[in-house]
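Can you join these two chains into the complex? Each is in its own frame, and there are hints to help.
Residue numbers (this note's numbering), protein chains in the order written: chain A, 1 to 882; chain B, 1 to 112.
In short, the hints are calculated from the structure, not lab data. Hints are not guaranteed to be accurate.
Lysine to aspartate or glutamate pairs mimicking DMTMM-like chemistry, simulated, CA-CA at most 20 angstroms apart [as the list claims (entries may be wrong)]:
#, chain 1, residue 1, chain 2, residue 2
1, B, K82, A, D564
2, B, K85, A, E144
3, B, K90, B, E32
4, B, K17, A, D564
What you are looking at is a predicted structure, and each value in this text was computed from that prediction instead of being measured.
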Amino acid sequence: MTTAARPSLTPGIPPEKNMQGSPTPLSVLGPQAEAERQRIRQQFEAGTSARETLRALCELADHNVQQIFGELLRVHNRDAQGLCLLALGGYGRRMLFPYSDLDILFLLGNERVEQELRPLISEFSRTLWDIGFRVSSAGRVVDECKRIEEDNAEFHLALLDRRFLAGDSALFEKLDAKVLPASEKQARPFLLAQIHRLTRERLTRFGNTIFHLEPNVKESPGGMRDYQATIWLRQIVEEKRGIRNVTAAEEELSAAAVDFLSAIRCFLHYSNARNDNTLTYELQAAAAERALGVGDGVARAPAEWMRQYFRHARTLNRQLLRYLEQKAPVPLSLRQRLFNAARSTKSEPAGGRYSSVRDGLLEVVDLPSLSDRAITYSLFAEAARTGTPLSREAERSIGYILTHPELPPKNTQISWATLREILGSDYPGVALRSMQRLGLLTEVLPEFAMIDSLVVRDFYHRYTVDEHSLRTIEHLQELAAPPDERGAHFVPLWKTAERRDLLILTLLLHDVGKGMPVENHVTGSLAALDSAAKRLQLSPEEKEEVHFLIEHHLDMSATVQRRDIFDPATVSAFAQSVTTLERLQRLCLLTYADIHSVNPEALTPWKAEMLWQLFVATSNHFSRTLDRDRLHAPDEGSLLQRVKAKAGQATIEEIERFLEGFPRRYLAVHSAAEIAAHFELYRKLGTVPVQTELLATRHGFSLTVLTEDRPALFATISGVLAGWGMNINKADAFANAAGVILDTFHFADLHHTLELNPSEAERFRKSLADVVNGKAPLEPLLKSRVSASRARAPKITVETRINFDDASSAHSTLMEIVTQDHPGLLHEIGSALARLGCNIEVALIDTEGHKAIDVFYLTGQGKKLTTQKQELLREVLQGTLV
Amino acid sequence: MMKIEAIIQPSRFESVKDALREIGIEGMTVTEVRGHGRQKGHTEVYRGREYTVDLLPKIKLEMVLPDGLVNRAVDTILKTAKTGKIGDGKIFLSRVEEAIRIRNEERGENAL
Numbered sequence: 001m002t003t004a005a006r007p008s009l010t011p012g013i014p015p016e017k018n019m020q021g022s023p024t025p026l027s028v029l030g031p032q033a034e035a036e037r038q039r040i041r042q043q044f045e046a047g048t049s050a051r052e053t054l055r056a057l058c059e060l061a062d063h064n065v066q067q068i069f070g071e072l073l074r075v076h077n078r079d080a081q082g083l084c085l086l087a088l089g090g091y092g093r094r095m096l097f098p099y100s101d102l103d104i105l106f107l108l109g110n111e112r113v114e115q116e117l118r119p120l121i122s123e124f125s126r127t128l129w130d131i132g133f134r135v136s137s138a139g140r141v142v143d144e145c146k147r148i149e150e151d152n153a154e155f156h157l158a159l160l161d162r163r164f165l166a167g168d169s170a171l172f173e174k175l176d177a178k179v180l181p182a183s184e185k186q187a188r189p190f191l192l193a194q195i196h197r198l199t200r201e202r203l204t205r206f207g208n209t210i211f212h213l214e215p216n217v218k219e220s221p222g223g224m225r226d227y228q229a230t231i232w233l234r235q236i237v238e239e240k241r242g243i244r245n246v247t248a249a250e251e252e253l254s255a256a257a258v259d260f261l262s263a264i265r266c267f268l269h270y271s272n273a274r275n276d277n278t279l280t281y282e283l284q285a286a287a288a289e290r291a292l293g294v295g296d297g298v299a300r301a302p303a304e305w306m307r308q309y310f311r312h313a314r315t316l317n318r319q320l321l322r323y324l325e326q327k328a329p330v331p332l333s334l335r336q337r338l339f340n341a342a343r344s345t346k347s348e349p350a351g352g353r354y355s356s357v358r359d360g361l362l363e364v365v366d367l368p369s370l371s372d373r374a375i376t377y378s379l380f381a382e383a384a385r386t387g388t389p390l391s392r393e394a395e396r397s398i399g400y401i402l403t404h405p406e407l408p409p410k411n412t413q414i415s416w417a418t419l420r421e422i423l424g425s426d427y428p429g430v431a432l433r434s435m436q437r438l439g440l441l442t443e444v445l446p447e448f449a450m451i452d453s454l455v456v457r458d459f460y461h462r463y464t465v466d467e468h469s470l471r472t473i474e475h476l477q478e479l480a481a482p483p484d485e486r487g488a489h490f491v492p493l494w495k496t497a498e499r500r501d502l503l504i505l506t507l508l509l510h511d512v513g514k515g516m517p518v519e520n521h522v523t524g525s526l527a528a529l530d531s532a533a534k535r536l537q538l539s540p541e542e543k544e545e546v547h548f549l550i551e552h553h554l555d556m557s558a559t560v561q562r563r564d565i566f567d568p569a570t571v572s573a574f575a576q577s578v579t580t581l582e583r584l585q586r587l588c589l590l591t592y593a594d595i596h597s598v599n600p601e602a603l604t605p606w607k608a609e610m611l612w613q614l615f616v617a618t619s620n621h622f623s624r625t626l627d628r629d630r631l632h633a634p635d636e637g638s639l640l641q642r643v644k645a646k647a648g649q650a651t652i653e654e655i656e657r658f659l660e661g662f663p664r665r666y667l668a669v670h671s672a673a674e675i676a677a678h679f680e681l682y683r684k685l686g687t688v689p690v691q692t693e694l695l696a697t698r699h700g701f702s703l704t705v706l707t708e709d710r711p712a713l714f715a716t717i718s719g720v721l722a723g724w725g726m727n728i729n730k731a732d733a734f735a736n737a738a739g740v741i742l743d744t745f746h747f748a749d750l751h752h753t754l755e756l757n758p759s760e761a762e763r764f765r766k767s768l769a770d771v772v773n774g775k776a777p778l779e780p781l782l783k784s785r786v787s788a789s790r791a792r793a794p795k796i797t798v799e800t801r802i803n804f805d806d807a808s809s810a811h812s813t814l815m816e817i818v819t820q821d822h823p824g825l826l827h828e829i830g831s832a833l834a835r836l837g838c839n840i841e842v843a844l845i846d847t848e849g850h851k852a853i854d855v856f857y858l859t860g861q862g863k864k865l866t867t868q869k870q871e872l873l874r875e876v877l878q879g880t881l882v
Numbered sequence: 001m002m003k004i005e006a007i008i009q010p011s012r013f014e015s016v017k018d019a020l021r022e023i024g025i026e027g028m029t030v031t032e033v034r035g036h037g038r039q040k041g042h043t044e045v046y047r048g049r050e051y052t053v054d055l056l057p058k059i060k061l062e063m064v065l066p067d068g069l070v071n072r073a074v075d076t077i078l079k080t081a082k083t084g085k086i087g088d089g090k091i092f093l094s095r096v097e098e099a100i101r102i103r104n105e106e107r108g109e110n111a112l
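Same shape as in the complex, but just chain B (with noise of 0.2 angstroms):
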């Protein structure tokens, strides 16, 4: 099993989680978040006070998911997450020893 973290534009959202459901991922834990990476923050002046993004809102997926489940995912994730700007976000993989839901305790991939 493999955990995905992915940090991608808001605006890309919705057409994130609907592709991710038509190749049969439903369950997702999204977050609210800011942050940067390359993509630095900017500076708006509004009625002469100067109010500076450093930190970009942003939307972070995190889904665990079978390991033949992970490479479709990720490249759906890169095709609609994309648009080719600095800012696009990144996609984290980790490996993940066990997972258990909690209603009946079945454990492994059969808990996702």
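The shape of chain A in the complex, shown without the other chains (with noise of 0.2 angstroms):
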């Protein structure tokens, strides 16, 4: 609104000279109210609550200006007439707080008074102030009431809270009864979308979140003005269509919410003698020690007192939301139309009986079935998988079923499985976020209830803690489409981050130590771990990744700040203690997330930069040196025991003749378990020469690969899996020192072969058996298939690299291409370094979208190639491949 700065006084007038002739001047009217001041502070601090407080305030101020509106027209000698005093915004709606402004507004039944009484108008703003009111007023002549000034909202809006103090009371009535309310229908549009508006903008510069350490009760989401937006949406949007089904349990709710934070409010500006409303540590500290807001009187821990506080937020916030997501004031654009009709008909398969998509929300059609947790927990794999939040209205819904028993609860266990769906998908934030709200995620996971609305105190974070790991995760998810350059290089880690429910159970996890009284959160968080694994049953190979990424969920901060990430010793160092390249992509992600989500400046372009580069030098480092670290079996006593133990009759002789000279990588990759069914396969070679293993996973099928080396191999291998229409993806081909060949092909089935037809599979190994054996040929298996597939135009290009490298291995020739995917392609690789005399040693096989990105470790006759063979081997293959 149009605010006026304290107006000067009259040069050279004291001001008891003011309102001369006046029975009760200043210099009476000044210490009484001060009086008055002190003794609601007083009766404040002795325990009366924040609503007689504010109630008392509003009394003292409508008491004097009152008086001194009276007093100043009989010294001028007038009467009221074309003019009234209203009171607008807080003070309007009866809730002033101690050192709050009083919007008042003059209005004026024409212009011609509005000339006349200016001096009067300045002369008791001024006395206002000289009694210690903080005036903020306006004047308006009634008819200009009606239009809308459209930059000026906020004027607009606190109109809405109009009350009479003084005055002409027909001009009131005139302006209450007649003027405004149709001027307000007009208007209500345009007020909606204000609200709209300004709450958007405020929400944003908080971060969209109630968890701020210090939070400021008036301006935070989950503040004082969250309530006021909340009571103009109802009173706007009921208005038109009828009381809405607010629950008394809701009202309750919200009054409690409502007296709480104005008690805090009353004390913050009691406390800073001043219009501050920041809820400082210290305030907090003295707050809790008080039992501010609580009425019990007994003292608390101020983490405990603020998790009242928060709790109180949330219940504003919630209702807020609720009110904002009912009506949308901006009609959508035919794109956001389109963009809502694609997200509604992807939304089908997992909750599409329960659920269905309106304005981008998912909203839940069979209430009743919400009983079911199972269903529930079906809409939060739907909203993880496709982004799509739940709507306020779904999320209450389920907060009732959820808080009311004479609906029995089925299936209340989550199984890790289903978590694992909700974790590993795109939008995991989306779905944590309801959870959270809704209370599910502590009781899926019990542990995180340790960091529930915990503020721990600290000069760098400004959330709190349960807060800052679920930021975590939508920093994450917001890689899909960053908002800005800081995100750039770690867009492909994401998108292409293997078992990210286990990362992502890592965001949930590693500060949930900071909740318990141990020296060190990350032992309490690993302690968490331990429950949380037990609980739900993750497999040990899953809880030890987790492991490793809460252990070390600092490790690369730390590095990237205290070590010189450009010395290749401190890269082969990290690199050593990462162990695998899939773990340092899941903890250079982790590290992106948790850096970001300390404050919103905390990720640097500076620290994303750095933080890449030893991402980029450790991940080179690795594919560089995979043949340098070869298993020497014997050193290797636990793993053989438990390969021994899932393996039989084996003797622990026979397991370490199989392990002998497999490069480290193939431990990393494997677990114990699968490395007891690679040696089962090895053992089986005796009688059936080539040994395979197919598997079905998440992405695709899995195919291992067992048999003695043979000129080329590979090449046969992938030919045999163009041939049946299979797009590699990923493959690690390794061969120990006795010259058993093992690679792992995982790969996409294309034209659904295996997926449709189960009993394919058979005919499928015999004939990858056949072709490898020489029984069969590869050709006319493949020709058809290829030539089909490459008549199709590529979307996107890439420009074909190779590059050599003879530095980084003792004993082979590192090639690098980095060319366009298509099926067939490692058979036409394969073939060539065949054809040339290359052996791969080590075949690491990867893709990213339309890019192929393979490296080989080749030796010519069990030496580094010759210059002269890369150079011909180059020539060959970009001959191949363009």
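Quick look at the structure:
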């Protein structure tokens, strides 16, 4: 609203000379008002409720406003006709805090009155200032109030809280009963749009979260402004639609929240002696000590008292967001509508029968079904899969079911498989947010309750511990379309990360120890993992991975900040501690998200770049040193025992012979159970010389092949896969010291051959064995399939780049190929290598969208490739792959 | 009074800060910067894409000290920031004419 600064006093005229002739001069009014203020304060400090305090402050202001106004009319010898005073905003709602401004509107009958009364108005404001009231005033002729001032929405919103104070009551009646109802009806779309705009801007300014360590109890989400905006929305929307279904319980919660926050705001004003609404650490401690707003007088720890604050703030914020969601003030654009329609059609599979998508939000269709928790979780899985949040109404429905035992809940235990589905999706944060608001997150993961609304005093962190943890997850899902340059490098890491579910579980648990009485929070978080892993029945490998990530969640950040990341020794030591490329990828994403969520400025572009540089250097270190570090089986006592435990009758010596000489990466990418299975295949090589294992995975199939090394083996296997229409996404090719080859291929079944015809699996394996054994030719299998695939033009073109590196390995030449991915690509590369007499010692095959990124460790006659051979190979491959 | 600007390796920052604190210097301004002198950048290839780092990350420390403390501060930075490799950074000294504490308008060395 238009506000007036404090009017300057007339020079040379002391305040007590104003209102000359008044029977109650300022010298009396001022001290009276001050004494009353002190009395109100003392009563508040003695335990009078905030509601009573606000009422008393309002009455004090009303009394003085009316008295001074009356005196001035008398002194100026005129009546009030054509002029009245209105209280607006918080003062209008009778919520006047100790150091808040008095928002007063001078309402004038016409412009002539305005001219005449200008000196009186000026003196009125000045006098109020002189007796200690902060006045924020505006003047309008009654007809001006009809017009919408588009650049002054705040004034129109403040006018919604109008209250008659003094003067010409007929003029107020005219405004209140005739002028404004008509214009407010017209202005409704404008007002709604403005409330949405102002509220969204305010919420965004505070990071859209109530969980600030030092919240502003007026402006922060969950503060008094949320309540005020809700009142406005209800006033505007409900007038149109009739009273909505706000339950008595919700009204009660809301009233309790307003009382609690009002008490804090009074306390802050008195403590700071000004209109400062920041609940600092010091004042949190003071408020907790006196159990402010709680009413039982029992002193509490600040963290515990702050949990009460957040509970109330959540009530007000939730209520506001529900109202904001109910009415979209601006019609949706065609693009948005199409987008929503597209989302609607996508949303069928998971929770299809029980939910629908409206305006980009998941709505519950079948309310009674929600008593089956499995159905509720399927809604969250749907939200996590599509990124479509549950509407506030949907959350409200779920919340109702959760808190009303008349509908007995079913399937309340969540399985790890269901939770994995939520955590491993593209938008886990969308589901987890709703689950947190509904208290379901702590039901699924009770360990998370230890950091619920937890304030830990810290110079850098801006949010409570639970909020920080959820933000880490949201920052990762944001990488689908990063909002700024800081995330750009990390996009492919997020898109290609394996076992995201474990990464997200780590992020939920990594700071849980902060809510435990332990010296080092990591110890506590690991203890929380122990209990969570046992309850959720994580496999030992899954638990070990999360354990590693929690235990080392600060390592990458510490290395970036405290070590010279351009020093190869730093990179080598870091790589050694991380052990695998996949783990490095998860740790890097975790570090990115963890720093990003400390506060909005914590992840500077500088830090993001440093983190990326360390990732790149370590990643390259892994792919360039694969054959350097090979297994010496007798040193792997614990592994040998674990494999033996799973491998039945085998002797340790047999297992040693199998493992001897594999690159150490083999251990890093396979669990003990997988190694035991490989060992079983190895033992059968004597009878069946090509052993295969075909498994369905989440994203397709994996094929493991064990056989004796032979010329063009890699090219042959990849050729069979291409012939069957399989697209290889990832592969490892290893050899042990005895020349046994162990190749693992992860592929997509492009034509759903194996997926739709399970019996084809056996034919596929036989076909593979026959071709590898030379009993069947590859070419006929390959010909039709590859030519059909090559006929389709790629959507994105990737330029072929081939690099050779003779320095990284002592025994081999590294060849890195980056090229356009297409079915049959590996067969083409493998065949070219075989034709030129190159032996593949190790291969690492990966894809990123349309880009294939393959690293081969090559030898020719047991030695590194000569420069001439490298050039010839480059020429041949460039010709083949273009 | 002298102003010290020191450009150092990020990995040495914590040690330099601790060492300065030990000789009684607590106040400083720290900025994350990028740049290069003789230590040129380098190129890293990752997944077929070249990443050229021609401006290397550094930390810039700025502090204004009374004349009597300047030499000790410089020695401390030299001792703790040095690794002996190209890229250890530089220290710049310049004279400061006046310092004013905004809160109470104290001036000169009292304001430091």
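Hint by hint, here is what the structure shows:
For the suggested pair B/K82 and A/D564, the alpha carbons sit about 12 angstroms apart, so the restraint of at most 20 angstroms is met. Proximity of B/K85 to A/E144 is assessed by CA-CA distance (about 74 angstroms); at most 20 angstroms being required, the pair is judged violated. Taking the CA atoms of B/K90 and B/E32, the gap is about 15 angstroms. The hint holds against a cut of 20 angstroms. A hinted pair counts as satisfied when its Cα atoms are at most 20 angstroms apart, and B/K17 with A/D564 qualifies at roughly 17 angstroms.
Of the numbered hints given earlier, the model fails hint 2 alone.
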